[in-house]
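Enquirer: Just so you know, the sequences run in chain order U and D.
Reminder that position 146 of the first sequence reads as 146 in the numbering used here, one-by-one numbering, no gaps.
Reminder that position 11 of the second sequence reads as 209 in the numbering used here, one-by-one numbering, no gaps.
Be aware that a few hints might be false.
Said to hold, decoys possible - Computed footprint of chain D on chain U, listed as stretches where at least three residues anywhere in the stretch have a Cβ under 8 Å from a Cβ of chain D:
1) 41-53
2) 159-170
To be verified - A partial selection of chain U residues facing chain D, derived with a Cβ cut-off under 7 Å:
3) E23
4) L26
5) F59
6) V81
7) M82
8) R91
9) R93
10) V136
No lab work stands behind these hints, which were simulated from the structure alone.
Beta carbons are placed, not taken as given, at the ideal position from N, Cα and C, and that holds for glycine.
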Amino acid sequence: MPDTLVPAQADRELVRRMAAGDEAALGALHDRYATLLHSLVIRIVGDPDDAEEVLEETFWQAWRQAGRYEEGRGGLSTWLVMMARSRALDRIRSRRRVREERWEELPEPSYVEAGGSGDVPSPLESAQADEVRRVVASAVARLPPEQRQTVELAYFRGMSQTEIAEATGQPLGTVKTRARLALTKLRDALAVLREDAR
Amino acid sequence: MSPEMGHDDVRTALAAEALGALDGDEAEAVRAHLADCAECRSELEELREAAAALAHAAPPAPMDADRSARLRARLVARAAADRAGGAHDANPDAFSTGPALKAVAPPLSVPDDRGGVIPIARARERRGGMGGWLAAAAAVLLLIGVGAYAARMKGRYDALSERYASLDDERTRLVRSVARRDSTLASLSGAGVQVIELASTQRRAPNGRMFWDPATARWTFFAHDMPALKAGRDYQLWLITPAGPVSAGTFRPSPDGGAVVQATYPLPRDQLKAIAVTEEPAGGLPKPSGTPLIVGTYGTTE
Ligand SMILES: [Zn+2]
Numbered sequence: 001m002p003d004t005l006v007p008a009q010a011d012r013e014l015v016r017r018m019a020a021g022d023e024a025a026l027g028a029l030h031d032r033y034a035t036l037l038h039s040l041v042i043r044i045v046g047d048p049d050d051a052e053e054v055l056e057e058t059f060w061q062a063w064r065q066a067g068r069y070e071e072g073r074g075g076l077s078t079w080l081v082m083m084a085r086s087r088a089l090d091r092i093r094s095r096r097r098v099r100e101e102r103w104e105e106l107p108e109p110s111y112v113e114a115g116g117s118g119d120v121p122s123p124l125e126s127a128q129a130d131e132v133r134r135v136v137a138s139a140v141a142r143l144p145p146e147q148r149q150t151v152e153l154a155y156f157r158g159m160s161q162t163e164i165a166e167a168t169g170q171p172l173g174t175v176k177t178r179a180r181l182a183l184t185k186l187r188d189a190l191a192v193l194r195e196d197a198r
Numbered sequence: 199m200s201p202e203m204g205h206d207d208v209r210t211a212l213a214a215e216a217l218g219a220l221d222g223d224e225a226e227a228v229r230a231h232l233a234d235c236a237e238c239r240s241e242l243e244e245l246r247e248a249a250a251a252l253a254h255a256a257p258p259a260p261m262d263a264d265r266s267a268r269l270r271a272r273l274v275a276r277a278a279a280d281r282a283g284g285a286h287d288a289n290p291d292a293f294s295t296g297p298a299l300k301a302v303a304p305p306l307s308v309p310d311d312r313g314g315v316i317p318i319a320r321a322r323e324r325r326g327g328m329g330g331w332l333a334a335a336a337a338v339l340l341l342i343g344v345g346a347y348a349a350r351m352k353g354r355y356d357a358l359s360e361r362y363a364s365l366d367d368e369r370t371r372l373v374r375s376v377a378r379r380d381s382t383l384a385s386l387s388g389a390g391v392q393v394i395e396l397a398s399t400q401r402r403a404p405n406g407r408m409f410w411d412p413a414t415a416r417w418t419f420f421a422h423d424m425p426a427l428k429a430g431r432d433y434q435l436w437l438i439t440p441a442g443p444v445s446a447g448t449f450r451p452s453p454d455g456g457a458v459v460q461a462t463y464p465l466p467r468d469q470l471k472a473i474a475v476t477e478e479p480a481g482g483l484p485k486p487s488g489t490p491l492i493v494g495t496y497g498t499t500e
């Protein structure tokens with residue numbers, strides 16, 4: 001299964017160096033993925049301090065587990081995104097459990113215009129990132145609203161399909177079908193990127 | 199939900215699994231099937247990749263440059279200390295070959311064309327007889343001894359590093375919590391802080407108070423006498439603007455009906471019309487579905 005959503009060769013090299021204990025590779029991993037992971041994590045946790053901690057935990061986990069990373073199981077960005085998302089969701093869940101902790105949420109619009117600061121990727125990397133973003137965004141935009149909502153509630157809010165069914169007043173089977181249709185369309189859209197990069 | 203699921207049912211559920219949205223029993227049944235079905239496994243991989251790509255659909259939000267530089271420096275320093283201190287999770291053998299052992303027991307690797315322990319053997323050899331064998335045995339014992347010592351030191355070093363790391367984490371947590379507390383106090387007591395009272399729309403008398411500091415865009419909301427919630431339900435706080443309600447977070451009251459919520463949301467003064475609290479499914483919704491339990495209007499007067 002090819003993974004060329006991101007420059008796969010460079011990613012493999014980074015993982016290999018991390019597994020060999022080269023801390024500079026962790027710095028390079030940070031430079032390459034901090035913006036993507038931060039965009040995801042801040043969308044979930046809202047609070048910049050929490051986001052920073054989640055990012056640190058994620059990169060640290062990548063460092064510790066670099067030797068276990070299996071190339072066959074999807075690309076490096078998939079691996080990192082999965083770790084970051086699951087840690088971010090853990091954080092909002094524990095925040096929900098511990099009642100005296102305040103729930104802080106930064107509503108979406110306040111970050112949309114952010115930009116110009118932060119990490120500066122190379123022109124090539126940022127062009128590739130822009131391309132991925134463009135393809136994903138247009139695929140998501142083409143989804144019918146109810147499919148998009150289903151996927152967003154699960155992905156960014158960590159809701160289970162039962163919770164989504166309850167929240168949206170839809171039967172469980174409908175929720176499942178919507179999630180399936182949405183992800184399948186997204187997968188097909190991403191296939192374009194793979195072929196381009198080959 | 200049946201404990202066993204057929205191939206078709208599992209296929210239908212794979213998207214939810216890729217999104218991590220399966221509930222307990224079903225997740226178990228799906229995972230059991232995956233162990234035996236390569237087709238479902240490979241489909242799940244593709245769907246997972248599609249799900250991960252959703253990260254690109256989040257509004258691009260680069261990290262603040264200072265924060266990012268600090269995080270980077272911290273990571274690299276931690277990694278360097280980790281490398282010096284020992285193994286990665288995935289590399290349990292690193293101890294026997296890793297740099298830490300070399301650092302602890304350099305005498306063994308002092309170059310000698312016939313090996314570092316030869317001089318001892320030579321000295322003994324002059325006495326003749328079994329000397330050579332004894333010397334060899336002694337050398338082996340010495341090696342074992344140094345190895346054990348190195349292992350002990352390595353163990354202590356690891357334990358201390360871990361303890362240091364956890365103290366450091368704790369310190370960071372405390373510093374942050376103090377900083378947050380300070381900023382809460384500041385956002386409640388600042389000169390420009392606006393206060394909005396929320397009154398009940400129901401027979402019981404839940405009520406709330408919202409503090410808004412436009413300068414820092416921080417909102418602090420206190421609720422009192424809120425009715426208890428059923429499982430699976432949360433209260434959700436809304437900032438009502440001309441463009442519609444904006445979620446300011448969800449909360450569950452403590453047993454005495456009180457709650458505190460904080461949010462950061464920059465909003466021009468003239469955009470805020472009201473604050474409302476509704477009861478919603480746990481985790482909240484993008485738009486309110488319930489009728490407001492308490493409402494506070496925000497006038498245009500200063
Ligand atoms: Zn199957």
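Enquirer: Now tell me if each hint is right for this structure.
Expert: Now the hints, each set against the structure:
Counting residues of the region 41-53 of chain U whose CB falls under 8 Å from any CB of chain D gives 8; the rule of at least 3 is met. Counting residues of the region 159-170 of chain U whose C-beta lies closer than 8 Å to any C-beta of chain D gives 8; at least three are required, and the coverage claim holds. With a least beta-carbon distance of about 4 Å to chain D, the hint placing E23/U at the interface is held under the 7 Å criterion. Restraint check, L26/U versus chain D: the minimum CB separation of about 5 Å is within 7 Å; hint holds.
Against a cut-off of 7 Å between C-beta atoms, the interface hint on F59/U holds, since the closest Cβ of chain D lies about 5 Å away. Taking 7 Å as the C-beta cut-off, the interface hint given for V81/U holds, the closest approach to chain D being about 4 Å. Below 7 Å, beta-carbon pairs count as interface contacts, and M82/U has one with chain D at about 6 Å; its hint therefore holds. The beta carbon of R91/U is not positioned within 7 Å of any beta carbon in chain D (closest approach about 13 Å), and the interface hint is therefore violated.
Checking R93/U against chain D by beta carbon gives a least distance of about 9 Å; that is not within 7 Å, so the hint is violated. Nearest Cβ of chain D to the Cβ of V136/U: about 4 Å, under the 7 Å cut. The hint holds.
In this structure, the hints that do not hold are numbers 8, 9, in rising order.
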